[in-house]
Each structure stands twice: as structure tokens, then as C-alpha cells.
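Trainee: Listed below are the residues making up each chain.
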Amino acid sequence: MKVTVNGTVLELDPGTSAIDAVFAAGFDVPYFCSQPYMSPIGACRMCLARIGAPRKERDGSWILDESSGEPKVFYFPAMMATCTTAIMEGMVIDTLSKDVKDAQNAMVEFTLINHPLDCPVCDKGGACELQDRAYEYGTGRSRFVFDKRHQEKHHPLSALITLDRERCIHCKRCVRYFEEVPGDEVLDFIERGGHTYIGTLEDGLPSNFTGNITDICPVGALLDATSRFRGRNWEYDHTFTTSLDDASGSAIVVDARTGRIERIKSGLNPEVNKSWIDDGIRFGHEYADDPERLKRPLLRRGEGFEEVSWEEAAAFVAERLAGFSGKDVGVAIRADATLEEGVAARALAQHVGTGQLDHAPRHGPSLVPLHGATVLDVATADALLVLGDVTEELPALDLRIKDALKGVSPPELFAHGVPIADLRLKERMPRASERLAVVAPYRVDLMKYAGAAVQVPVAGEAAWLQAMAAVAHAQPADEAVLGMPRAEAESLVRAWREAQKPIMIVGGFVLASEAATEAAASLAKAVGFRQVLVPPMANGVGLEITQVLPSHARYDYQGMLGGSAKALVLSNLNPAVDPAVAERLRSCELLVVHDLFLTETARLAHVVLPGTSGYEKDGTMVSLEGRFLPVRAAPVDAGEARDLTGVVKALGEAFGQRLEGRSVRSARRVLRKELGFDPTELHRLGLLRELPRRRAIVSLNVRETVVGDSLRVPSLARPEYLGRNAHLRAALGGPALRLHPEDAAARGLRTGDEVVVPVDGVPRRLEVRVSDAVPRGVSLVPATPEAPAGPAAVALDDLVHERRALEVA
Amino acid sequence: MSSRQPLPTVTPFFADKQERLSEILARYPEYGRRSALMPLLWEVQRAERHVSEARVEEIAEILGLHATEVKGVMSFYGTYHEHPVGRYHLQVCRTLSCSLAGADTLADFLEDELDLVNGETDPEGRFSLQYVECLGSCGTAPVLQVNDTYFERVSRSRCRALLDAMRRDTLPEPTLERGGDNEPNAPDQEGGAA
Amino acid sequence: MSDTASSAPKPITSRFDPRFEPTLYAHVGVPGSHTLSYYRSHGGYEAASKALGLEPKAVVDEVKASGLRGRGGAGFPTGVKWSFMPPVDGRQRFIVCNADESEPGSFKDRYLLEDDPHQLIEGMLIAGWAIQATIGVVYVRGEYYHAYGRLAAAIDEARAAGILGRGVLGSEFDFDLILHRGAGAYICGEETALMNSFEGLRANPRLKPPFPAQAGVYGLPSTINNVESFCAAVHIVARGAAWHAAMGTDDSKGMKLYQVSGPVARPGVYEVPMGATFRELIMELAGGPSEPAKAIIPGGSSTPLLPWSDATLDLPMDYGTMAKHRSMLGTGGVIVIPERKCIVDAYYNVVRFYAHESCGKCTPCREGSATWLPKMYQKLLAGQGTHEDLALMEDMVKHMRGTAFCPLADACAMPVQASFEHFRHEYEHLVDQGESLYPRRREWAA
Ligand SMILES: Cc1cc2nc3c(=O)[nH]c(=O)nc-3n(C[C@H](O)[C@H](O)[C@H](O)COP(=O)(O)O)c2cc1C
Ligand code: SF4
Ligand code: FES
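Chains as they are written, first to last, in my numbering: chain X, 39 to 847; chain A, 1246 to 1439; chain P, 398 to 843.
Isolated chain X (complex conformation) (with noise of 0.2 Å):
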């Protein structure tokens, strides 16, 4: 369509909004309410213009101008809010004449009369909407002689956001969000008029996705309380890289400084998380600025540790290692670490000459499917099974599904981006449930959403999905084990069959099993599913693709630390949590690891190196849907600590020999070769790729019989680090032990209660929380890089109570 913006002619899709069609044309208006990804409301009345179509004559011609004989451009009577305006074949935008720059004028003064002059001690000074388009379309000065609205000013809506209800310029953003993308609405306008304010009854708003709103809050009034008063937008460095916290490979931007990193904040990646994060992501970098975070290498002395220069220790290390037959010596990564530091690892066993290599978790199976779906087709699916509990093991799928829900494909972007108003979405738009499916063992949060919930029993995940297969070849199946009739299991796999785009979602709980993920994967193929697999942690794809992986299944990770491997090197791992285990380390003839604390684990290490967080590398990780995306270092102090390509650096150094995978660089000269192309030129975005598919070797673990009836269950927060994180713990509470109401009220446990109970032999500190989302007998508990999603044994008869909950008044 043609569209005239200030007198620039261009031609634009239908449907496109008169705001980007300012945009589109270079333009500026200004805005307050519009968010991309969000429902256009014209709420703020900021970005009025002057606008005109043509008409037509009841016989469908242009109703003609009498002198130029063009068509004649009918003006609306009143200015109209360009956010909520479609445009038309032949419209007038003028967003430059008096008449609207008056406008303009006024709207900032009415949006100014009742918000606080605070700016000087307001997190959002300098990065403010309110004060750019103030100081931009304003005339400086206000005629309001009254005291302005005095509203509560610190008002914590949750231990990790802060509401300055006097800040606040009523955009609605922040309630639309919690209905829109998350459809959870815990936020909402209380009364109403000038007295309407931000609330919720909802103790701590209960939602995995709360921290978007202080990234789209476009005054100050909703604060990352984590980060407040620690700093000047200018004084921030900002690092625009990948989260390595789960799989998801979600755009993140890390604000740091002074050396240290002060908040995370949510990065654009239309692709993959548009501009949301979880709360696990944003607020679970806090462990990086720990004060015990090994800054410099320690070598055993004795009973204690001596620190050490690193080449001193890499020197020890060389010399040990030198006594060693190679194969006698093992390597293990953590899932999150780079394809960089893959190749290093890899370098190192190279050299040793050990098959004894193997990156943790990993469930076995390989994490590339047979026919994989990417992110945006998740976004854009017509059919949706889901197997597991994905709100918590990676929560930005949780998003995108909602997004399929809606049915409304991903925007066409502009030279300006991401559309500022899409007049596609709607307010309170109608969720179509049935496209969603869900297979859990416990009550999932995605339920709510779902047209079909099944809840199979606790590894039952296996019968469920061959019962289902049988059903798609029209073969008998057991009603109980599908867990619905049979001619509901029939619609479910019409829907599927006749579904433009099915796609399945597998997550851990069936990855954990070997006969799962087949009876998986053939379901898949019955119906023609494709599939998206949950990997475990971050780079679980890249570390299987750049084959970080054992010559042999005895030789994995379980099989280093059951004693084939006397000599081992750990990076970012703990298995010591178990006692048998460190019980088995203890003997180990040298035990070198690379972490960021003193984990029970280093505690018995005769040389600890000092590891990175996935803030402080520079590498790149391959996200679960086969996305090459760029992981940056922000500039933080970490001391003498390195990621795992120092650690070869130094050990080659100590050896006499230059390692391949020495520096990242180094590193990306191996995998240019192998990948065809040069991760140091990846864009921010990533770059998704054709994975090839390698017949994994399946880990022992998982060939293993499952032995108990309990959970242990991915978490958003990482466990292993909750304890370091001091607000999302605030916000979270601590690991938790969850439990069916009547199981919890038999061992007279309540919420809040913390005890310590045996998850498959290993003693575990864990809060207590009753939820009726739980079956009765089963027990709750999260999964770690040692002990991923999968069955667990809860000895909840040994269960120790170390402190009980509170009496609440």
C-alpha cells in the first residue's frame, strides 16, 4: 500500500501500523505504551498524528480533489494515535505540523504533571523513555503548581522487583505482559481513574518470567530490586551474549561495572526469546560475585592448599600426569562449557592418550533428532505435544508455545525492527488449548494452557508413548496407561496427522530413558511429529557434536568415577555431593579440578584451578535447536581464573606442547575445519545449522534400571548455585523438596520446613514446599549437572528436619 509520512512516499504491507509506517519512513514519534511483542492499546496518547485517506464514491472510483484532480485526502476530524491506526491505500501521516507538535506538548505534560522530578536518584535516569521524549518533544517546563500524586514509593512487589507507584505513567505494559506472554495475570490496575494504580494480591508474583517487566517499564517505577542504587545507566558496560544457563540460547546482556557484573537484563533475539528471559536467567548471576570464588590455583599441601602461580601448578600437573599410561586417565567437562573449551578438553585427552572423555550431564541418546524443529517453528506449530515439565526446564520454550498458542506467525521486521505496534495482537486474545497436549508425571504449569493433560506415572512415560503408537497404527492399547478413552487417544492423533506443523517436545524425563526416547521417537514418526529435544544443560548439542565424548560407554563419565580412570581431570564439577563417590575419589592417584569454588569435590583435589562463569568466556555454545550463537566475556574481575582453554594453555605450556584449543582462537582454527565456518564472525543472532546426527553413546546411567519412585526435576534456578544467589533464594526459597499435601501432613512437614533427605544415597539440604500439583508418593526434588531430570529414590523415611517453618500468624 502507499502511505505518504511528512510528504516520503512508501509502500507498505497491509496491516502495518501508521507508527511504523513513521518509522518505516524515517521518522520519529514518540511512544510510551506501544511495546514490540505486545498488544497495540492507545493507551498514552503520545504518538498522535495528523491523518487523511482518500475516500471512494459508492461506485467504488476515488472521490477526486476538484483542482489537482488526484484523490481527494479526507482528514479525520480529531488527531489519531498512530499505535492503534491500520494503515490504508493512499494515507497522510503528518507528524511534523503545529497542530501536532501541540500535541505532543501536551501529552508530555500531562504525563509529567504527576511524576516525580526524582531523576537524579532513579535507576532509569538516563536510559528513561519518559525523560527522552520529555527533553525531545516537550516544551521544558511545566504549568502544574500542585503537589503531584503521592503513592507508595519502595514497594516491594516481589523480593526481585520494586514498584515506584509516584513513577508510574499507567502504559499498561506491565499488566498487558503478564497476559500476553506469560497469560499469567498476578499484575493489575487497582481502581481506577487518577487514583489507578500497579498491584497484585498475589504474594511475590508467581511467575518464572517476572523480570521482563522492569526491562520494558519505560519509567522507573519497576526496578530489578536486585540491582538497585549500584549504578548510572552510563556507567554500565553493556555485554550483549548468550545465557549459558539452559539450552535455550537466549540473548542476554550483561551490565557490568567496576569489574563486577550488577544485572542482566533481557537481549533481543527475535528467533529465540524475542526480548524475554526467566527469572532463572536474569537473576542468577549473582554467584559470579561471590567472595569465595577461587581467584588463584591451589596445590595440596598436606591438609590444606598452598595457592600457587599456575605454573606451578600446571607444572605439578604435567609432572603427575606424566606417570599415568594414558588410558588411565579420564577428562569431564560440565554441559555448559563451550565448543572452545570442548576442543580443549578434547586436545588434552588427545594428548594423554585417554578415551577417558565425556561431558555431564548427558542423557545418553544423542540430543540431535531425526527430524528437529526449530524455536520459531515451536512458535508457530499447529499441533504441540509436550513430554515433561518445560516451564521449568526451559522456560523460554514455555513462551514460544504460548506463542502458538495465540496462532499469530512471527512479525515481518522493519529497518527500525521488531514492529512497534503489531495490530495483529489483541488484548486477552482467544488461546487455542487444544493445539496443546501435555505429558507429565506431576501437575505442570502448561497444563492450564493444554486441551489434553495426561499425567502418566512416574517413568510411565514409555508405555504412555508406545500405548499412544499403538493407537496411531490401530493397534489395541490400554486405556489405563493412556489415561484417557480411546476415541480421545484417536482425535489426539488425527489432530496431530492432520497438523500442518506437529511438533513434540521431549523433555528430560524421557531423555532420561533410553527406552523412552525411542518409544519417542517412533510416535514421532507414526504421526509425523518433529521433534525438539531438552538437553540437560547449555551446550549438551555442541559438546555431542564436537564429539566431547567417550571412545567407549564404560569409559563415560559414570565409569571415570566408578574407577576406571585413576588420574582425573574435572572441569565444573562436583561429584563429591555423593559419598561413595568422594569416598572413591579419595583414592584416586591425582584428582585435578577446574571450578569457581571449593566444591566438595576440589576439596579432595590435589590441584584446584580456577574456573570462569559463562559471564567471564568467550566461546560459543550450540543451543537445543541446532543455533550457533556467540557467548561474550563481560568485563569483570575474576582474578587469575580461566576457562578451560587456559587451563590447556597452561598444561600444554608445562607439557612443551602447543594443544590445540591453547585460547579460543586457537580453538576456532580446529573448529573452522569441522564446522565449515568461522565462529568468530557469528552474529549476534547465531546462526542455525543442519546438525549431523552421530549415534551417541548412551551413558550407563541411563542403561541402568530406574530405581525409585520419585522426581528429580530440572529447575530454572540453578540449584547448585541458589545458595549463592541471595535474592533469587529470597524470591525462590531454596531447593526445594516438593510433596503431595497428605505425604508432607504424615511426616508432619510443612512449607517451609528444611530437611535433609537421602536423593538416591546422597544427603540432600532441601526446603520443604506442599503442593497438591504432586501425586501422592512421589517426592520432588531438583535435578543437578550430577544428578539430571530423571527417577530418583526420596528416602523420605531417613529424613532429618533441620529446622521447621516459621509459625505463620
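No lab work stands behind these hints, which were simulated from the structure alone. Heads up, some of the hints might be wrong.
[As the list claims (entries may be wrong)] Just so you have them, the derived chain P footprint on chain X, three or more residues with Cβ under 8 Å:
#1 80-89
#2 112-122
#3 142-153
#4 582-596
[Unchecked claim] When the alpha-carbon atoms are kept at most 25 Å apart in a straight line, the in silico DSS-like pairs for lysine-lysine are as follows:
#5 X/Lys-186 with P/Lys-795
#6 P/Lys-772 with X/Lys-186
#7 X/Lys-486 with X/Lys-539
#8 X/Lys-40 with P/Lys-605
#9 P/Lys-605 with X/Lys-94
#10 X/Lys-136 with P/Lys-795
#11 X/Lys-444 with P/Lys-605
#12 P/Lys-605 with X/Lys-464
#13 X/Lys-139 with P/Lys-795
#14 P/Lys-776 with P/Lys-795
#15 P/Lys-776 with X/Lys-186
#16 X/Lys-191 with P/Lys-772
Idealized CB from N, CA, C, for every residue including glycine.
Using the hints, position chains A and P with the ligands against chain X.
Mentor: For chains A and P with the ligands alone, coordinates are given in the frame of chain X:
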């Protein structure tokens, strides 16, 4: 996912009113269940003269909403109360037509007589005074709404008599009038109070 | 058009025209008029039966031909609105009655609801048939509890008599009503806010388009009309479009319920053919002002006032004339402002109303109508205003007009502008003297 403590238990309002509850829910189509929100608030308020937070949570539970949503809706309207109002909730319209008929003086009179200011309830919980906007009684102004009943053309003497009656805990017949064309007819026989 | 008009009989524009016969209000005030038996004994539901015997489109055409314009304030042609409904496609369709009557100076719907609820039910049934909606929603403002009770009882009676429910009045057509009670918010009179309120949401107005015919109640095709509009439809069907169109002026046909309040001898509701003059309404029917008057608000507080004068009194009360005089017919709620009422005080009262009723969604209304403007009035009335303040107020209301999301801000700004236009001297007097030209009176009937 957050650690919510259960609230101290209160007997649910609708526990013994299931039939009434189903009747209200049945008024609306299944996809419009949320429409029952206002009627449920009314139901509670008529019985308890306010809607407490526990009731807000109960209604949210019934309708499958978050309590915040219920609160957001409830607080939008002028006539749902967070705190109990007195047995006689006096609502004085002071909008233009009533004002022209002396409503401001009527309001002052009530403030003095009852020793209450706008928005207050007396210690015995008998009277609450609230200023409201146009009640649609402009032709029979001024109007005083007591709970759900209109008393129209409230002159000083009528107002006195009305207060006296309420102090004796009786509520006289409403003075529903018509004015205009329809004035000559006999006053309404039924009364509007429930 | 004009030559047929000259040959046709003169339109009825006066209540005193012998051809005029009250219809809408014929039974208001009559004891027992709210019952079904009374209604039936006066020809009730015959129009509905007649309509059900016609094609729906014929009913729409009849209402179109009658020239009926919506009586809720905006005056949109009712039949045209009905014809906007999309073709029947199996989706549920709704006919909605706006009985939220909250505009200051308006009180006509209340008596219709209280004393003639069956007339409304019949009107909705006819409209429901015309647009093929099987569910009707009546949204009654919360304060109209008596009306609510009467209507609820009437609906029960109608259901019992087979007038509502399955196969109404022996036809194949199913129709039933949902009665819904508001809770004190003027904005719920705005049609889309009403729908949000009905759905159990905060009553913010919705974005248009989509209009209710496309996406109304629950996002389904809906048509909304005022109580009086539905009642008028009953008589249009009963007596024919021509009967209706014989009353009124060129752009305003039929009879209309005008309301008179303020200091007049007989305030109340008067049913009058459109085109009758203020003089007829105020001086003859309502008995004239009981004290000298200075202004007339023609159609509820949001319509700009007209100065009291012979010329004004002689204006016919129709849509076009009011528009020509830069005011509006609105709901026909006429308020007479006496000479001795300070106009600043009167408009503070009006502004306070809109301040109280702003929904808070959009900036000019929340910060202008609901916050700043009332504060300016308070300052003036406290004797602390300046001439700059007056200029500021005029500038402010100018920017509240046409900039807000819904017409509520206009409804606040327009009458204020008119008060400045006609009574600026009173504002100036207050600024110059520090006190009002007409000090506040403490009068109240004994
Ligand atoms: C702020 C506002 C308040 C309104 N209040 C009412 C009202 O109380 N009653 C009413 O019938 N229409 C009211 N309207 C008009 C309605 O939006 C709508 O136009 C009307 O109900 C349509 O019915 P009609 O076509 O029969 O007039 C109001 C409009 C606005 C903008
Ligand atoms: S708190 Fe912020 S985001 Fe929410 S309505 Fe207010 S200004 Fe907008
Ligand atoms: S009205 Fe807020 S951006 Fe258009």
C-alpha cells in the same frame, strides 16, 4: 514456584450456598464464565456489606482467576467496598441537578447530624456516609440512596424523619416518585428494598 | 425530497399537535404497569408477534425507514446499525441493551425499566429477531436496584409465559435474556466498556475497530442499543415506519423522552415529538423556571450549554439544530441553570463528575479530566486563580479534545469550553474579585 503460605482458613462464603452459586454461574454461557464475577461480588457484598480479601480469593478460585484480577475489577467500581459499611449506607448524590436542588446542604446536614465525614462509618456500624455521583434521580432531586433504596425529593423534614426511623432501625417505604408527566399517579406500592 | 415534503402533511413537532399520542411513556407511573397482565391488556407483545412473522431483514428495513436514531446519546441510525451485523455464520450473536444510564441530567430509562419492563423485553425480542441474536444482555446500572428487580421479575414472567426461552411466542425462534447488574461506573455506559464490564473485566473502553457487530460481547457479533431505542422499535413495528417518521424534523424522527431538571416548576420526563422547542418543553410542559435562568444544558452534562434566551428557547430539540449550535442533543436530559448559580461552581461540579468517572486508561483523561482540571477549578473557587490560570484551563481543555482514547475526555472538555465561551465574565470576576459573582447558596427545601 514461590513459597506461598496458606492463608488462615475462613469458611468459604459459598460453602452453604452452592445452589445460588450454580444459578449465578448458569446465567452465562460456558465460555463466559468470568461474567459471573460482578454478580458474585454483589452476592458477597449484600450479605457482608463489603468484600474481604478472603472472599476475593474465593471468587478467584471459583472462576479460575488470580485474586489480583478479581481485585482489579472490584476496585474499578464505586460500589464494592473493601471495608464493611454500616447497616444504613447513606449515599448522597451531589451532581449538578441534585446540587441545584440543595444536595450540598443536605450533605452538610448529614455530616453534622451523624458526625461523619464522607467515607466514614460510625462506631456502632449503623450509618455510613458516602458522596456519590448522579443517581438518575435528577427530576426528583435531591436524592438519598440508603443501601439499595432511593429516597427522593429529600427535604430537610423528610431527611430528619428518615434518620429518626433508621435510628429506630426501621426503614420507611421509599419515596419513589416520577415527576413530569407521570406525577399525578399514586405512589409506588411495592418499594424497592429487599 | 423538499417538494414531496410540501405536499405531504406537516410533520408533527409539538406535543400539542392533536395527532401526537404518547407511546413510550403511556404507562409509566400507572400502578401495576410493570406486570405482564397489564402489559398484555394494553396490546403488549403484539408487535413482537408481528415482527416474528416478518423476515428479519424486513424488520431492519422498517426500523431504517422509520428514521429512528439511537437514544443513548450519539444518535446513530438504529436500523443502519442493525444492518451492520455480519451474515449469520453459526456463531452466537448478541443483542445488548445499554441500561447504564449515568449521564447527569438523564433519568428517562429508569422509569421505563421500573414501570414498563415488558416494553423493553419486547423491543429486545424484536431487535434480537431482526439481527438473529438469540441471547440478549441487559446491563443495568448498579444503583437501579428497583429497576433491576422489576426487570428480573418481568423476565421470569415472560419466561413462564413462553415469551422468552425456546420457541418464543409460539415461533421457531429461541430468545432469552441475561440480566447483568453494574456497580457504579459511568464509563460502563460507553458501549465497549460495557462489554468489558459484562465479561467480568475492568471497564476500559475497547479499541474500535473492530466494532461490536464484528467483535462485541465475548468477541462475538453484537449490537448494542439504548433502552429507549428498543422501546421505540416496538411502536415502529406496531404502527409502521411512516407513523414514526411523521413526527420530527428532517434529520430527527419520532418521539423522544426529554428530561427536565434544575429549578423548574415540574421537573421530570416528557414524551414529545422531536423538533419540539425548548420553550414547549421547559415553559409549557415543565411549567417554566422557578427562578430566573441563565443557561440550558440540552442533553446531559456532557453537552455544551446554551445561554438562556428567547432565541435558544425557540430552537427545536433535534440532532441537527443542536449540532448547528455547537452542542448536542445527547440523551435529551435538559438541565436549567439558574441565574444565581455561579457558572464556575456549576462546572466544577460537572468536572468533578468526569474526574470521578474517568477510567484512567489514557493520559489526557486521567491527567487532564481526572486530575489537573478539577484542581484548577478548586484553585479558582478558592479565590486564588489568575488570568494565566484561565488561559491554561482553556489550553488544557483544548488538548483534551480529540486526543483521548474515548469520548469521555471530550465529554468533560466540551462543556467546559462552552462555559468559557458564554460565561467567561463569571470566571474573570472570580479571578479579579477573589470571589464568585454568585456566592454559594445554602438553600434546601424545608
Ligand atoms: C462516556 C460514555 C457514556 C455513555 N453512557 C451511555 C449510557 O449511559 N446509556 C446509553 O444508552 N448510552 C451511553 N453511551 C452511548 C453508547 O456508547 C452507545 O452509543 C449507545 O448505547 C448506543 O445505543 P443507541 O444507538 O441506541 O443510542 C455513552 C457513551 C459514552 C462515550
Ligand atoms: S509500572 Fe511501568 S510498565 Fe507498568 S504501567 Fe506503570 S509505567 Fe507502565
Ligand atoms: S497511544 Fe501509546 S503508543 Fe500510541
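Trainee: With reference to the structure, classify each hint as holding or not holding.
Mentor: Now the hints, each set against the structure:
no., hint, verdict
1, 80-89, "holds (count 6)"
2, 112-122, "holds (count 5)"
3, 142-153, "holds (count 6)"
4, 582-596, "violated (count 0)"
5, X/Lys-186 with P/Lys-795, "holds (22 Å)"
6, P/Lys-772 with X/Lys-186, "holds (11 Å)"
7, X/Lys-486 with X/Lys-539, "holds (22 Å)"
8, X/Lys-40 with P/Lys-605, "holds (23 Å)"
9, P/Lys-605 with X/Lys-94, "holds (21 Å)"
10, X/Lys-136 with P/Lys-795, "holds (14 Å)"
11, X/Lys-444 with P/Lys-605, "holds (21 Å)"
12, P/Lys-605 with X/Lys-464, "holds (12 Å)"
13, X/Lys-139 with P/Lys-795, "holds (14 Å)"
14, P/Lys-776 with P/Lys-795, "holds (19 Å)"
15, P/Lys-776 with X/Lys-186, "holds (15 Å)"
16, X/Lys-191 with P/Lys-772, "holds (23 Å)"
Violated hint: 4 only; the structure is consistent with all others.
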